Amino acid sequence: MSPIIAEPPSKDVRDQKHPMEKLLRMDRIPHIWCPTCGLGTTVTALAMAFEELELDLDKVAVVSGIGCTGRVAGYMKVDSFHATHGRAMPYAFGLALARPDMKVIVFSGDGDLASIGGNHFIHAARRNANLTVVCVNNFIYAMTGGQSAPTTPTTAKSSTSPYGTCEHPCNLPLLAGSSGATYVARWTCLHVRRLTKAIKEAINKKGFSFVEVIAPCATLYARLNKLGSGLDLMRFYHENSVIKHGADLNELDIDYQSKIIVGKFVDIEKPTFLDLYNQANKRAFGDKYQPYGGDNGVK
Amino acid sequence: MASSEIRITGFGGQGVILCGYIIGKAASIFSDMNATLTQSFGPEARGSACSAQVVVNDERVLYPYVTVPNILIAMSRDGYYTHKETLSKDGILVYDESLVEPDEDAPHKYAYGIPASRIAEEMGRKIISNIVMLGFFGAVTKLVPRDAFREAVESSVPEGTQELNLKAFDTGWERGEEAVAPKKQSKPKSSRKTEVAGSAAGG
Amino acid sequence: MQADPKNVLTGSHYLDGNHACAEGALAAGCKFFAGYPLTPSTEIAERVARRFPMLGGIFVQMEDELASITAILGASWGGKKTMTCTSGPGFSLMMENFGLGIMTETPFVLVNVQRGGPSTGLPTLPGQADIMQARWGSHGDYEVIALAPDSPQECFEFTIDAFNLSEKYRMPVLLMTDECVGHMTERVVIPEADQIELVERRYTKKKPGEGWPFEHNGSDIPPMLPIGEGYRFHVTGLTHDYRGYPVIDAEAQKWKVEHLMDKVRKHADEIIRYEQEGVEDAEVVVMAYGISSRVVRRAIDQARAEGIKVGLVKLITIWPFAEKLVAELSAKVKSLVMVELNMGQLYYEMERCARGRCKTTLVGHTGGAVHKPEVIYAAIKEAAQ
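Heads up: the sequence lines are chains A, B and C, in that order.
Our numbering runs 5 ahead of the 1-based position in the first sequence.
Our numbering runs 1208 ahead of the 1-based position in the second sequence.
Our numbering runs 17 ahead of the 1-based position in the third sequence.
Just so you know, these hints were derived from the structure itself, not from any lab.
Treat the numbers as computed from the prediction; the structure is a model and nothing was measured.
Any given hint could turn out to be false.
[Claimed, not checked] In silico DSS-like cross-links for lysine-lysine, where the CA-CA straight-line distance does not exceed 30 Å: (1) 326/C with 351/C; (2) 287/A with 23/C; (3) 389/C with 1297/B.
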């Protein structure tokens, strides 16, 4: 195997400016994530998406919940909010409604969004909240030490399923799509270009857009299941992914260490919560009603 | 003036709460008294028992609940039977005689009946029987001036129904005046003997 | 700054406490409300939902109380004055993110229309048994501000006051009403807008890149940073430094928690509100708040008529507790009596502050009704002996 991560960089390389300096809080680097964690490339994809879209970063907010992925908000150099466990979605929803001129991105993990925040996830999608949601799925609760997540594949081991997980995992694209998301995609964290493109599309999408990112947890998931290094696992996910745009959401279950269907599955148009709120009030009050957020305040 | 404690009882959908609301509003917004309205909340659905309580006082109402009402407005048989024992001995019973037949041995002193439901039906809208009752109650008790009641009715009923409701109120009021007039033109329809209220409303 | 006339329903109205509370929020400039139906608080949300569209506000019925309080936190950082309402079971759920509001020093108003508990308890009947939950309901050390209205008129006024306190001290403020007050309809006089004084949000005067979201000295209240203006600030529920960056150590914890306590404790004299009646020569002082402070007056009138020297302290703020007042009273009266619709919550605060200098009596009640005046009267009579 050719090493993707080389020897530690030399001093003159270290002294160079970080190419993402504009987008990251350099005063908080080094970050807390483990070597070969999938979050690095995922955050890079987000940052690249910001750059390529030439977004006014003053008008972007990132909201995270709790967990390893929950720390992303703290590293992005935009207005950022680190909410309580599971509550990133309603926090972001309130923020986005208060400031419909801003792009609000929810960036959090599978445990945060699908387990403790599962109900919020369903209802934010159902309302078609104007949010971009990036969910990093590493199949485990990593920050707390490797416990089972709602995404842990059946038979995979975790610290609370030492004999193998005995539950069926969540199919996150199916959950998002069936709850009403207007955009649903899944990539692994090694599909950096495709992931960046998906995040860009998701940000430009009006309404609830959802991108699942399959990422390795080197320290816990890989170790507890004897799957080699994080890098090995990252490569495994990449090599075992099958691109199938427009795949039936019901096909997207992920079995333990088997193929992963990736691609863009949903891309539709429909009115957002705010569109419908304004429509309802327009019906009730006629021309006297001033649309909330103005006519062009929405992304 | 000591406080007047009024209980209005009927079944859901009759406008019991609205009736209480208008009494309270007439007293505290369109007259210079204080009135506190409370209602019994429960899992009652339309058609089941419900009641509203109004305490009217010259001074601030301190204790918001009705304990021993001196006025009971009964708009249903069930409501009457549930609450008749709570009415004070010199209290006033005002009832819809289309629906309620008071006991001969009831503990209260004064009883005034009006066929409010029938009158409302004759006026074309059964739903306004509560306002007929209200007018009748107003004239019988003279708790607040007639104009205050009318203003309260006008500002409380749905847009477009004011005229009909005021007509219902006036009809009830006139029947009430007749009922308390010293020399009655006709015998009350209730089998119960009706006495003149005097200043009982202030009791 | 004065209220915007557009938001103020000036005039005399016949409103219940919940509707009056909603009008108070509108008058205070509330523009975002997220809520979940819960008896007996729901009429607040209903009225706001009906009135908001033409006032430029936005109402959302959320999926639960966790989401409701979290959405108003997000909207508060989005620059809006925000509120939610609930009762016991929802109050329990909201405690998680009430703590986030405390930790991140986020202004908003949370109304608890108290009903009987524990658990589902008495959905349609009053209680005052969430008083200690208001104080300690979320984990960790912090101070709270909570007000208790006794009438629809006070629901209107105290809601405005709650918004003002939350902006002034940059923290969530609780309005602890109850089913009786919430569902009681009375005259509510809403003044002209120019008679309503509002505290507006204080933002940093520093330029983007120079201002930080939690910069303060001692008990000073840090100004907020406006979102979307280039400050690119970070807010976290983790213990953090003045920049809002997480710092996980005892020193940062001390800096943060002491600040959360000090900003209330050091301003307690400005925050604490109460009314006193006949306390000067009193041998017995009855303390009560909310609906209880109203029904006690009948018993007090009766006792006074019989020559018992009894006074009343009606607490308007229940938190922070009027410690100094109780200490002073305990040194000069024979007896202090606490009347509350619970089995002893604020009573123990009163007892603590009296430090054995006078007798203390609890007139408790398990809820579902208000105290009978004769029960309070009997307690006053005994306390006077």
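Name the hints, by number, that the structure is in violation of. none
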